[in-house]
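Colleague: Here is what each chain is made of, one letter per residue.
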Amino acid sequence: MSAARADLAKPAAAIPRSFRKVLVANRGEIAIRVCRTLQAMSIPSVAVYSDADRGSPHVRAADEAVRIGPPAPADSYLNAQAILDAARVTGADAIHPGYGFLSQSAAFARACGEAGVVFIGPSPEAMERLGDKESSRRAAVRCGVPVIPGAEDVPDAARALAEANRIGLPVLLKAAGGGGGRGMRRVASVEALAEHFESARREALAAFGNGRIFVEKLVHPARHVEIQILGDSRDAVAFGERECSLQRRYQKVVEESPSSAVTPRLRTAMEGAAISLARDARYAGAATVEFLLGTDGDFYFLEVNTRLQVEHPVTEMRFGIDLVRAQIEIAAGGSLPKPTAPSGHAIEARLNAEDPFQSFLPQAGTILALVWPGGDGVRVDAGIAAGQTIQTHYDSLLAKIVAHGATREEARARLRTALSELALLGVRTNQRFLLDILADDAFRTGATYTDTLESRTWPPPEGVPDEALVAAGVALFAPREALAGVGERDDLDRYSPWLTLGAWGRPGFAPPGRTP
Amino acid sequence: MSRPLTLRHLGQALDVAITLRGKDAVLERDGRRFEATVARDGAWIEVRSGDRARRCAVARGGRGVWVSVEGTTYFFEAVEREAGGRAAVASADEIRAPMTGRVVAVQATPGTKVREGDLLLSIEAMKMEFKLTAPEDGTVLEVACAPGDRVELGQLLVRLEPAADGERA
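Chains as they are written, first to last, in the working numbering: chain F, 1 to 516; chain E, 1001 to 1169.
None of these hints come from the bench; they were simulated from the model. Incorrect hints may have been included.
[What the hints assert, rightly or not] Listed next, the in silico DMTMM-like pairs over lysine to aspartate or glutamate satisfying Cα-Cα at most 25 Å (straight line):
1. E:K1023 x F:D466
2. E:K1131 x F:D395
3. E:K1023 x F:E421
4. E:K1023 x E:E1035
5. E:K1131 x E:E1142
[To be verified] Quick partial rundown of chain F residues pointing at chain E, CB under 8 Å, derived from the structure:
6. L361
7. A364
8. L368
9. A369
10. V371
11. T392
12. S420
13. L435
14. V470
15. A471
16. G473
17. V474
18. L476
Treat the numbers as computed from the prediction; the structure is a model and nothing was measured. All residues carry an ideal CB built from backbone N, CA and C; glycine is no exception.
In isolation and in its complexed conformation, chain E is listed as follows (with noise of 0.2 Å):
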């Protein structure tokens, strides 16, 4: 059966739809299917497509599935969604946790408008302060923390409805 699923990966979501039979994978992405066979080689799953395999190590871990590929480490955000169906995100914008750490200051008030640039929040980690700003003109609809909180990676802070375009500053 062809699972679609929405994996967010630094900001951007990628809709995909995967089958998996046995040792056979099935990836549908962006109109084209890749096909491959996959195995298990000690802590890596082996990704065999034609002539090339490729290594990977997997793991689930909170929100998500961390997947590490010669040398290079992805976390994806997974949202499974109904077959046929959009994720329900995107029309709002969404300010996540770029690490873990505790959120040391709100700006950000529900209702409210911001322009873009317009300081939402402060998070704090290993003595550094992050700054996260909105990243275009909108109106906050939800403010899912508080100052205090400790916040993991990819976590939602903010909500942003970004403005229409007539609104525009």
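This is chain F alone, in the form it adopts within the complex (with noise of 0.2 Å):
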């Protein structure tokens, strides 16, 4: 990695055990990226895999594999019975469950202390208090970290009135139940709130069972502004923020660490609330707590995420820290890491199958070609491989490309080349939309806002380029002739998929995730 980081986080001080073996409860980059440190910590890996991930390149990242089930995720990777059965198979002694699936399942983590695995995250009892979005503001205001004004449990329209005239228009009205922007409005005036939260409390009702609504300040334009903190049932340290307010519909597209709006002062001060929940939850294990920053400087407490990010690499290359090492050492009973001093600056982009260009819908098919970028301080996150099918069972995200630099400037310019060098064949995804983003003033400029993404369009590229119809052409025509290179074979099926692996799968392939 760049010369700048010196100072590397030291690893935890005395590690009384290790764990004998650990299963990875998940799929994809993250199960790719746990196996990764769990290798490096010499400490032997499991894989799980559902009937649609038999191929899939997390299967034969572990030492070894159990199928837990069909496709769908109830049935597979949400089934803790499968997974502690898989544990108990293999003597796998401790859990890693990644994020998503079973990461935030109070109850999968109480059933792992009953079947004698250890839970790398953390108690049942500190994910229920932190993990759900009632209690943690109760303990966000009991910690005196600033939460939204508003009032939970609005009963009726009159009720919602006279909150909105507390706390001052334009307000969101969001279910209680919810989550990912269902069931939210937002109310600018006084005459249209009746009927928003009418129809508000029916959307609740019908998509969460539970027609409870809470009615909040509308903080906008805000950031979305994130602390990772690392704890161990009796401290808890910081490791600064990363902005993710590039989203859409509630997912994020690009993170970075640090924010352009955070001050040292303010990074204090937001460290310091996270720090107190922690403590206060006698949280142990990786956890992350989200806020809205308003533009003026003001913070407020979102909700925290009882598990690693997806974004956790912008903070490891910033601190030079293996932030899934550091979930086993607190697991094993090892103590926290002491955070070092941050160097430069990181940017991480979601490469996602989606089709920017028509309604961002999902894409499936097989991956015919695949070349990743390299170069100093680049990092690829993958879970895909050249011939794998994508398929729909799934979330989306096939790949976090991550820059490092010494400035915003140089990490923004190394990511915009990392993806220009990407190539993914056979499967559309949103590549030129990261690109689009990290081009635009808004991004260089560092005004980036929740609603930046979704409050404009971003059109498709104009035109084809006439070197892209020369390519087609040589492909379909001759790809012998024109590319006396090594590998050509002209003599199967042109239309096979497996001769364009053969021809440009092989070469192009380079394994991902260079560590930082």
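Could you use the hints to bring the two separately framed chains together as a complex?
Modeller: Structure (structure tokens):
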């Protein structure tokens, strides 16, 4: 990595014990990323897979692999019993849940404890305390962490109006049981409030079986800023912030650290708030405390993610820490790593199987060719390989491309180069959209807010370059003559994807995931 | 020999002619010529014209060819034409699959008239349902899929005969 990063975090001092074998209860890029750390720690790893993932790269990333069920998540990656059985059969004494799936299930953490397997994460009690929206909000109030002014459990429109007048318009109506933006309404006027309240309640009831509504002050425009913490149930330490304002439908697209809006003073305040929440819950493991940051510099508690985040690599690249290793050491009874001085700037872009120019429709298909980027300061965390068929059972994240640089501008330039070098053929992705975001003035100047991506349109590139048409012609008509290179085979069925794989898949395939 | 070719990209048909001789390539397009030399560089095809060289990754797959140039990926459905002729497309509107997925419902029936915006069929992928509607008034000529079918990106689903101007609603 770059020479600027001299001070790496020291490994935890004394590890009373380590694990015999760790089962990774996840799939895709995060399962591979966790296996990589286990390998570095010389701990044998176990992958689990559904029938849809039999040939997926995460299965090969572990020392052994166990089938846990049919493709549907409820039958496989969410099937606690099948996963615990896999741990028992293989002799794994700990389970790393990754993110998503069972990572935030207190019931699963509890079941692990009962089965005598260590859940690499917080205790079920700490998870319930901080993972539940209402209970974490109460914890925030108790710890003196600013929360968005509002009222819980508003029973009717009249009361909603009284609350709106108290906190001031505009307000946000939110389903208590909701998530992902469903059941949310922005209300700017008194006249519109009653109607919006009733429709939000109907939607909440239909979607979540719970018609309770929150009324909150609308912080707009706002940035999404989150603090990475590690706790060991006695104390907690913070590793700076990540800004994840660039979102679509509440899904983060580009994340970075540090945030261009966070001053040292603000950082100290936000880290202090996050640490006090972790201490209050006697939290052990990695967590992320999410805040909304207004343009006036006021911040408000949003929620706690009681697990590793998708975007954790930007923190790892700046602090030179391996957060998965820290999670494992803490779960094994080790002590907290000391935060070191961060260096430079890191930006992550999420490569998704979706068509940015057709309503972000999810895409499926077989990856015909794959070329990963490289270069100084570039990290690729991927869960895919050439020849793999991307299916529609799971989420659309294919890989995370992360770049580190001495400055934000250097990180941005490196990430743009990396995304231009990346070639993935056979499945449409949001690659062009990511490049457009990185080139955009809003991102270049750091004017990033939660509505930046959705408040405007991102048109497809205009026209098709001549070179692309020539290359298409070469691929169709003359692979042998024009490309007198190695590995050319024109004697097979010319429309077989395996031909193109033979010719193009192998030489271009580089194993992803240079660690920072 | 010059080979006429129609490359369909995002619903648009690009009529071109390509001549390849050794490393020399000539593209004829929109009444102009683009001359280049092509060479292989690892997994890439380098297309050089004058001072500019662009690296393209290519792969043939299924119904066409994928090309990636400087971070933008194109999928061309390829139709090779007879020399001098035009591809047998374009008289009827073709509704093609915008993603690989499963057909969940088909509303279109051959022979029936549809108005612009009428629902023709729905496709599902990754738990998202996408509705395909008639791009203009017309008559359904052909329905090339059925509920439950797995369809691939770019696959023909429905053909429409656009209404003559006098018939338009």
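Colleague: Does each hint hold? Answer for all of them.
Modeller: Against the structure, the hints come out as follows:
1. As the CA atoms of K1023 of chain E and D466 of chain F are separated by approximately 16 Å, the hinted pair is consistent with the 25 Å bound.
2. At roughly 20 Å between alpha-carbon atoms, K1131 of chain E and D395 of chain F fall within 25 Å of each other, so this suggested pair holds.
3. In summary, the hint linking K1023 of chain E to E421 of chain F is supported, as the alpha carbons are separated by about 23 Å, within the 25 Å threshold.
4. This hinted pair checks out: K1023 of chain E and E1035 of chain E have alpha carbons roughly 11 Å apart, not beyond 25 Å.
5. A distance of roughly 18 Å separates the Cα atoms of K1131 of chain E and E1142 of chain E; the hinted pair therefore holds under the 25 Å criterion.
6. The beta carbon of L361 of chain F comes within 5 Å of a beta carbon in chain E, closer than 8 Å, and the hint placing it at the interface holds.
7. About 4 Å separates the beta-carbon of A364 of chain F from the nearest beta-carbon of chain E, less than 8 Å, and the hint is met.
8. Taking 8 Å as the C-beta contact cut-off toward chain E, the hint placing L368 of chain F at the interface holds, the least distance being around 4 Å.
9. Because the smallest distance between the Cβ of A369 of chain F and any Cβ of chain E comes to about 4 Å, under 8 Å, the interface hint for this residue holds.
10. Of the supplied interface hints, the one on V371 of chain F holds, with its beta-carbon coming within about 5 Å of a beta-carbon of chain E, less than 8 Å.
11. Contact between T392 of chain F and chain E, as hinted, is supported at the beta carbon level, the nearest pair being about 4 Å apart and thus within 8 Å.
12. Because the closest C-beta pair between S420 of chain F and chain E is about 4 Å apart, less than 8 Å, the hint holds.
13. Of the supplied interface hints, the one on L435 of chain F holds, with its beta-carbon coming within about 5 Å of a beta-carbon of chain E, less than 8 Å.
14. Interface hint status for V470 of chain F: upheld, as the beta-carbon distance to the closest one in chain E is roughly 5 Å, under 8 Å.
15. With 8 Å as the threshold, the beta carbon of A471 of chain F comes within range of chain E, its nearest partner Cβ sitting at about 4 Å, so the hint holds.
16. Given hint, G473 of chain F at the interface with chain E, holds; its Cβ is 4 Å from that chain's nearest Cβ, closer than 8 Å.
17. For V474 of chain F, the interface hint holds, since its Cβ comes within 8 Å of a Cβ in chain E; the closest pair sits about 6 Å apart.
18. Interface restraint check: L476 of chain F against chain E, minimum CB-CB distance 6 Å, threshold 8 Å, status holds.
Figure legend: structure checked against the earlier numbered hints; every hint is met.
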